[in-house]
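Visitor: Here's the letter readout for the chains.
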Amino acid sequence: METKLTQTSTRRKFLEKIGLAGIGAVSAPLIVSGCNSTDSGESNSVIKVLTPDNKLVEIDTAALKPVLESGDKQHLQKLGREGLKGKKFVMVIDLARCQNERACMKSCQSAHQLKPEQHHINVLEMHDEDSGLTYYMPKTCQHCDNPPCVTVCPVDATFKRQDGIVLIDNERCIGCRFCIAACPYSARTFNWTDPKDAEKYKDVSYNMELNVPQKKGTVTKCAFSADQLREGNLPYCVSACPNGVYYFGDANEDLVTNGTTRETVRLSKLLKENAAYKLMPELGTKPNVFYLPPRQSNS
Amino acid sequence: MKNSKVVWTILLFACCSAIAMAQEKWLVPEANNDMLSILIFDEDTQLEGKLIYTRSCRSCHGDPTKKDFTIMSPSPGDVASDLYQDQTDGSLFYKIQKGRGPMPSFENAFSEEEIWSLVSYIRSFNPEYQQKLPNLEGIEIPNLTLHISYDENIDKLVVKVTSDSLEVMADASVKAYIQGMFGKYPLGSEMTNELGIAYFHIDSKIPGDTEGYLDILVKTYKDYGTAKYAGKIQAGNPTIRKSAIEGRHLWSAAKKAPIWMIIIFNMMGIGIWGVIIYVIFGLRKFKKLS
Numbered sequence: 006m007e008t009k010l011t012q013t014s015t016r017r018k019f020l021e022k023i024g025l026a027g028i029g030a031v032s033a034p035l036i037v038s039g040c041n042s043t044d045s046g047e048s049n050s051v052i053k054v055l056t057p058d059n060k061l062v063e064i065d066t067a068a069l070k071p072v073l074e075s076g077d078k079q080h081l082q083k084l085g086r087e088g089l090k091g092k093k094f095v096m097v098i099d100l101a102r103c104q105n106e107r108a109c110m111k112s113c114q115s116a117h118q119l120k121p122e123q124h125h126i127n128v129l130e131m132h133d134e135d136s137g138l139t140y141y142m143p144k145t146c147q148h149c150d151n152p153p154c155v156t157v158c159p160v161d162a163t164f165k166r167q168d169g170i171v172l173i174d175n176e177r178c179i180g181c182r183f184c185i186a187a188c189p190y191s192a193r194t195f196n197w198t199d200p201k202d203a204e205k206y207k208d209v210s211y212n213m214e215l216n217v218p219q220k221k222g223t224v225t226k227c228a229f230s231a232d233q234l235r236e237g238n239l240p241y242c243v244s245a246c247p248n249g250v251y252y253f254g255d256a257n258e259d260l261v262t263n264g265t266t267r268e269t270v271r272l273s274k275l276l277k278e279n280a281a282y283k284l285m286p287e288l289g290t291k292p293n294v295f296y297l298p299p300r301q302s303n304s
Numbered sequence: 159m160k161n162s163k164v165v166w167t168i169l170l171f172a173c174c175s176a177i178a179m180a181q182e183k184w185l186v187p188e189a190n191n192d193m194l195s196i197l198i199f200d201e202d203t204q205l206e207g208k209l210i211y212t213r214s215c216r217s218c219h220g221d222p223t224k225k226d227f228t229i230m231s232p233s234p235g236d237v238a239s240d241l242y243q244d245q246t247d248g249s250l251f252y253k254i255q256k257g258r259g260p261m262p263s264f265e266n267a268f269s270e271e272e273i274w275s276l277v278s279y280i281r282s283f284n285p286e287y288q289q290k291l292p293n294l295e296g297i298e299i300p301n302l303t304l305h306i307s308y309d310e311n312i313d314k315l316v317v318k319v320t321s322d323s324l325e326v327m328a329d330a331s332v333k334a335y336i337q338g339m340f341g342k343y344p345l346g347s348e349m350t351n352e353l354g355i356a357y358f359h360i361d362s363k364i365p366g367d368t369e370g371y372l373d374i375l376v377k378t379y380k381d382y383g384t385a386k387y388a389g390k391i392q393a394g395n396p397t398i399r400k401s402a403i404e405g406r407h408l409w410s411a412a413k414k415a416p417i418w419m420i421i422i423f424n425m426m427g428i429g430i431w432g433v434i435i436y437v438i439f440g441l442r443k444f445k446k447l448s
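Chains as they are written, first to last, in my numbering: chain Z, 6 to 304; chain H, 159 to 448.
Note that these hints are calculated values from the structure, not bench results.
All the pointers check out, no bait thrown in.
Restricting the straight-line Cα-Cα distance to at most 27 Å, the calculated cross-link-like pairs of lysine-lysine (DSSO-like) are:
1) K224(H) <-> K183(H)
2) K291(Z) <-> K413(H)
3) K274(Z) <-> K314(H)
4) K90(Z) <-> K363(H)
5) K90(Z) <-> K414(H)
6) K53(Z) <-> K78(Z)
7) K363(H) <-> K314(H)
8) K414(H) <-> K78(Z)
9) K207(Z) <-> K111(Z)
10) K400(H) <-> K274(Z)
11) K78(Z) <-> K413(H)
12) K363(H) <-> K277(Z)
13) K291(Z) <-> K363(H)
14) K111(Z) <-> K144(Z)
15) K220(Z) <-> K207(Z)
16) K274(Z) <-> K363(H)
17) K111(Z) <-> K224(H)
18) K90(Z) <-> K400(H)
19) K274(Z) <-> K377(H)
20) K413(H) <-> K83(Z)
21) K291(Z) <-> K400(H)
Between the sequences and the hints, there should be enough to build the whole structure, so can you do that?
Guide: Here it is in structure tokens:
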């Protein structure tokens, strides 16, 4: 079943590219890459290929090599589904340090093509009427180890990867919004209208790890900036914070790094010494985002 | 009325002179002004400087280049501005170390090395900056060699610093880190003893790879001589890294659902369809009989 699917999609890709070649808008390596996979079984056979100047030439299939385009959608889809081996990403949010600067939200929205009213991360104002005390709480997807959103997705569009990140593939998403209903943290948002700068991103290949371009009628959510993690960088929100609120790291290493100060500390020690807690642990969702309680900050 | 005018005038003068005094040039003794760093500035010194800056300087000086320093007199200013970058390394060092007025003295808070790291960080905002190194003629720069081992009986990383000819280097500064995915976890900063050895405690519970190897980074310097070591040392707790989606889970997609669930689901399906088919066959039998 799987091979059949690949064949159809590559054939479609091939035809698409031949069509583009007709109007002279495609270069030779692209066509070659399109032809390659359809005939990958046979060796030493000859295929006909159309060059950009409309000449039909014959090429030995043995000489064909797949060209990995930087924006190759299939390649990106494969990377996105696999995840990073041996990692288990966690985030620690120090509520004592949050000053409601909202730099995390802004950098997240600009990276993920979100409108100002759409949030992958949102800073909530927590106000206690009786004491009159207020603190600010950044809230994002908790990347649960027991994710209710994945359970309810009828088309396997939202899934959990080996590195613990819960992602969504908007190529598969049918917009049923079951996941939005299932998520106890209200971490997901829906593209009711055309996304921001839809024209600008029209020809960009869909990158699941970045979740860009966004698509009308699909659900979008925090991806722990999986595209950044792949390159060894901290997530957008974490590195944008000016107040040292976020720690991020690999739980398998037991080390987390502060996005502002770049100070690396032991995760277990940080959680224990600061009485860290998780949101709604009673639901058994096993979140991977920890909160350090709001308190008089020493720093 | 006249008296109050006089008082106001005096007050105004007093204020003006106070401001003038505060903004008077901060003179740095010539010897200090020409002082040069004991460190060679690189990415590591900048990172260390950044850590110190964020903790101890940012509250007044703000984020470099953003000019968001606190408004006070005299103005702390932006460390990326020409006001700072036009000064010599020695002048910056002296001012951080000694302090003046609202600028605290960090002499007791930071070691010389830490202050030079801060200078290194401040300089990282000046693309034209080139570090001035001292005239090293006649001074012998030692070629340092690091010998790293791990003593599991005392959970300590043993760092021995020698010269090329295996001559022991006492009083060399050594820093050790565990390299994490996003940053370096400091194990400490030590000086070598008379045997040229420095010890760093490593918590044996810290997870390593499947065989307990950790990525260790060690740096040493003495009299402008430096050496670096980056490698794997078997000092951690052997940890098997599991995939977060390993095994079968209730929340997984159908293909990774628990076996018992697949069996019960299929049995129920077969059972219900079985009953329906049985009933249909029964009804057909009735029809035939009638």
